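*Asks:* Next come the chains, spelled out residue by residue.
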Amino acid sequence: MTTTAPKKKGRALNSSYEAAIVLKEYWEGAARHRAEGRPVAWVSGNVPIELFWALGIYPVYPENYSAVCASIQRAQELCEEAEERGYSIDLCSYSRVNLGIVLGKGVDHPDLPYGGLPRPDMLVTTRIPCLPQVKWWEVVREFFDIPMFVVDATMVDLPIRESQRQHYLGQIRELIPCLEKKLGVRFQEDTFLETLKLSDRAAEIWLELLDLRTAVPSPVGSREMCGNVFPLVAMLGNPRTIEFFTHLRDEAKQCVQEGKGALENERIRLGWDNIPMWYNLKFFSDVEDRNAIFTYETYLRYVWGGRMDLNDPWTAFADKHLDVWLNYSINQRVRTLLHDIVKFKLDGLVFHQNRSCKRFSMGQRDLAQVIQENLGVSSLFIESDMADPRAYAEAPTRVKMEAFLEMLEGKKS
Amino acid sequence: MVRTELSQVLCDPLGFSRQWSREGCRVMGCLDNYVPEEFIHAEEMIPLRLLGSTESVTLADTFLPVFAGKLARSILEQALQGNLVHLAGIVLSNSSDAVRMLYDLWERHIPGQWVALIDVPAILEGETNHRVFRQAMLEFKEKLEKFTGKPLEAAALRRSIAVFNENRRLLKKAAALLSASPPRLSAETYLDAVLSGFVLTKEKHNEYLRQLLESCRRETPDRGGQLVPLHISGPILVDRSFLPLLQECGATMASEDLGTGSRYYWDEVDETGDPIEAVIERYWRKIPDSYKTPMKPRWLHLLSQIERSKARGVIFVIEKYSDEDQYDYPVWRDRLRARGIPSLLLDSELVLEGEQVRTRVQTFVDIVRGGAFS
Ligand code: SF4
Ligand code: SF4
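Same order as they appear, the protein sequences are chains A and B. For the first sequence, the working numbering begins at 1 and goes up steadily by one. For the second sequence, the working numbering begins at 1001 and goes up steadily by one.
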């Protein structure tokens, strides 16, 4: 893109450099746990993560691992491994990366990032983000031949209905003894409630951090924030998450107080819907040359880590897990987005039509239509994939983005 | 001739159902195998299974990306084109993500049409899920009662169950004739017999099936002797040109476990005890479709069908973007391979693309026939 303003180099927040360290600690922790013979479960997005930390079961996130592989440009070869074994190119690329590893070189191949994925003792997944997740896990179970538990849920409109809440909690009440029995752990409510406190504290700080990005100029853009989100997915209930998020929040707060933005001359504010292209996070920072910043993401705000009212911890625990973007009906997504566009003072929305994550991508056209009609906010659709770079066409996407920014600039002036 | 009657129904299913609406019957569009059609029938409505069309999708493209799959897109297209206005309503269950999203889109873009979502779990295991499944079915029943303004009478439901069960038994008999050696029913007729059941009233369908079975009993089987018997698996097979193609390649469908076939009709409702509970139990226990977990009963069904028909190979006809089936396929393929049964995967988007499919099927049939598979 043509440079019209000087660009700030490096991270907007110094604390963001800590993200790589936390991530490394997490994966090293997993390997250590495995080596010490303690239980390891493979879990997926939106599983009741706090339970695992409270029970001393290490929750290993293959989805994150797939994102890591994508970010270091290793996803394609692993996707191809899975495709060679008959898994369609149309399937979720996180699953293809994972199945490429599991069915290909094997989970502990030294050539893999962080020395590989620790073998699971058990599989726990949920239908909350999508149905294919469950199917993917069934393939993994077929391979490892280990116990699996699936937490079901139906999609929600807020407020969550009591019956939906009870459905979720009923399964949690089945999951706990199942984990105890299969993995030889013991559930203690006190420890669990303590873990919930840690989780909620982390979520609180994270949401404060996101709210700081309503400031004009915004203290930090999407590229950096996508790199920072991981502990919210996998480490809720772990004190390290609070520590890291506090550093981020405090630094962002300082910036906002000083009126210091990630861009020197912020002119256009953008939002992003769907999972980012992990192999191409640069997409977010490229727009900065045009004085535009991505300062809002449905993915970072509503996919994990909602708040919990711990006066009623079980209800709050259930609601938090059900109250996520991927589990929202289209009507709920519309309501939420309309609210946030105003709150974050967005000039435009970029919808990633992510061919992998169908649940995220279906309904996006409705969202675009509504925000245009109700708020006059325009959107751009780009077609791609979160982990498989073959689905991304650089040149036409750039041209589209350029034109979109020009249009938004025109609207502003 | 009953064979002609069955195939005629399939030339224009919507046109056929429109006629009923004109005659004052209420037709209810149903979307998958977890809609308890017995309830609809007992409320004196005609369930019509929506299976999309092969026509191109234009209006629905605005709302659903290509990767939502042809079936969901095509059904939405039919609705947006105004081709479903004669339906009293639409019922879908919480099956695949695409179908679930279709419910939201229906509410938003097809205003004024009654639409019901049966919000059942996808995981058919565990006490909690069982309770929630039952509750979702009961809520649907209540919604239906409100819609018709009449409570669901136990006696009427018992009669409906009997009609549906008879239908299932007749279809099973047809399946047995299909897999007899030599076959006593052609694959084409079997497929027409199954698919027409989604359009006709169950009473009429039963009548046709009885006639069909009777005519098969009288006829001496004279064909199919040299055709290689194959099993067909997948979520949906509505492309009626596929079976003639198979035959031209020297093979025939001897059994199937299609979502629009035996997975739909195989399980009966227990006719003793409370009829409402019995219907619900039937759907909870039926052979799970690919979008339901666990997968084991589905696999066992597939296997038992192959054993029954002595099929020498399996063709998976899988809808493009139907993730559920795409995940199952390599697992099934490997398990079959371990048993020495070869398989072939064909992509479909309600239709199977002619020439490329022909070449692949021909090669596959040659391999199966030659026993070169290892
Ligand atoms: S399809 Fe989307 S929600 Fe489902 S596993 Fe893949 S990335 Fe996660
Ligand atoms: S074929 Fe699969 S994805 Fe398509 S509607 Fe049926 S279950 Fe859903």
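In short, the hints are calculated from the structure, not lab data. Be careful, since some hints might not be right.
Unchecked claim - Non-contacting residues of chain A with respect to chain B, defined by C-beta distances greater than 10 angstroms in every case (computed):
#1 R85
#2 G86
#3 L131
#4 V150
#5 D152
#6 H167
#7 E174
#8 N331
#9 K343
Claimed, not checked - DEER-style ranges, computed between Cβ atoms:
#10 R173/A - L1300/B: 48 to 58 angstroms
#11 L169/A - G1149/B: 52 to 62 angstroms
#12 N311/A - R1308/B: 38 to 48 angstroms
#13 G29/A - D1366/B: 28 to 38 angstroms
#14 I72/A - L1300/B: 52 to 62 angstroms
#15 R335/A - P1294/B: 44 to 54 angstroms
Unchecked claim - If you want a taste of the chain A side facing chain B, the calculated C-beta under 10 angstroms gives, among others:
#16 W137
#17 I160
#18 S163
#19 C255
#20 Q257
#21 D366
Bear in mind that the values here come from a model prediction, so they are computed numbers and not experimental data. Glycine included, every Cβ here is placed at the ideal spot set by N, Cα and C.
*Asks:* Does each hint fit the structure? Answer for all of them.
*Replies:* Each hint tested on the structure:
{"no.": "1", "hint": "R85", "in the structure": "6 angstroms, violated"}
{"no.": "2", "hint": "G86", "in the structure": "4 angstroms, violated"}
{"no.": "3", "hint": "L131", "in the structure": "5 angstroms, violated"}
{"no.": "4", "hint": "V150", "in the structure": "5 angstroms, violated"}
{"no.": "5", "hint": "D152", "in the structure": "4 angstroms, violated"}
{"no.": "6", "hint": "H167", "in the structure": "5 angstroms, violated"}
{"no.": "7", "hint": "E174", "in the structure": "5 angstroms, violated"}
{"no.": "8", "hint": "N331", "in the structure": "7 angstroms, violated"}
{"no.": "9", "hint": "K343", "in the structure": "24 angstroms, holds"}
{"no.": "10", "hint": "R173/A - L1300/B: 48 to 58 angstroms", "in the structure": "30 angstroms, violated"}
{"no.": "11", "hint": "L169/A - G1149/B: 52 to 62 angstroms", "in the structure": "36 angstroms, violated"}
{"no.": "12", "hint": "N311/A - R1308/B: 38 to 48 angstroms", "in the structure": "59 angstroms, violated"}
{"no.": "13", "hint": "G29/A - D1366/B: 28 to 38 angstroms", "in the structure": "55 angstroms, violated"}
{"no.": "14", "hint": "I72/A - L1300/B: 52 to 62 angstroms", "in the structure": "42 angstroms, violated"}
{"no.": "15", "hint": "R335/A - P1294/B: 44 to 54 angstroms", "in the structure": "36 angstroms, violated"}
{"no.": "16", "hint": "W137", "in the structure": "9 angstroms, holds"}
{"no.": "17", "hint": "I160", "in the structure": "13 angstroms, violated"}
{"no.": "18", "hint": "S163", "in the structure": "7 angstroms, holds"}
{"no.": "19", "hint": "C255", "in the structure": "38 angstroms, violated"}
{"no.": "20", "hint": "Q257", "in the structure": "42 angstroms, violated"}
{"no.": "21", "hint": "D366", "in the structure": "6 angstroms, holds"}
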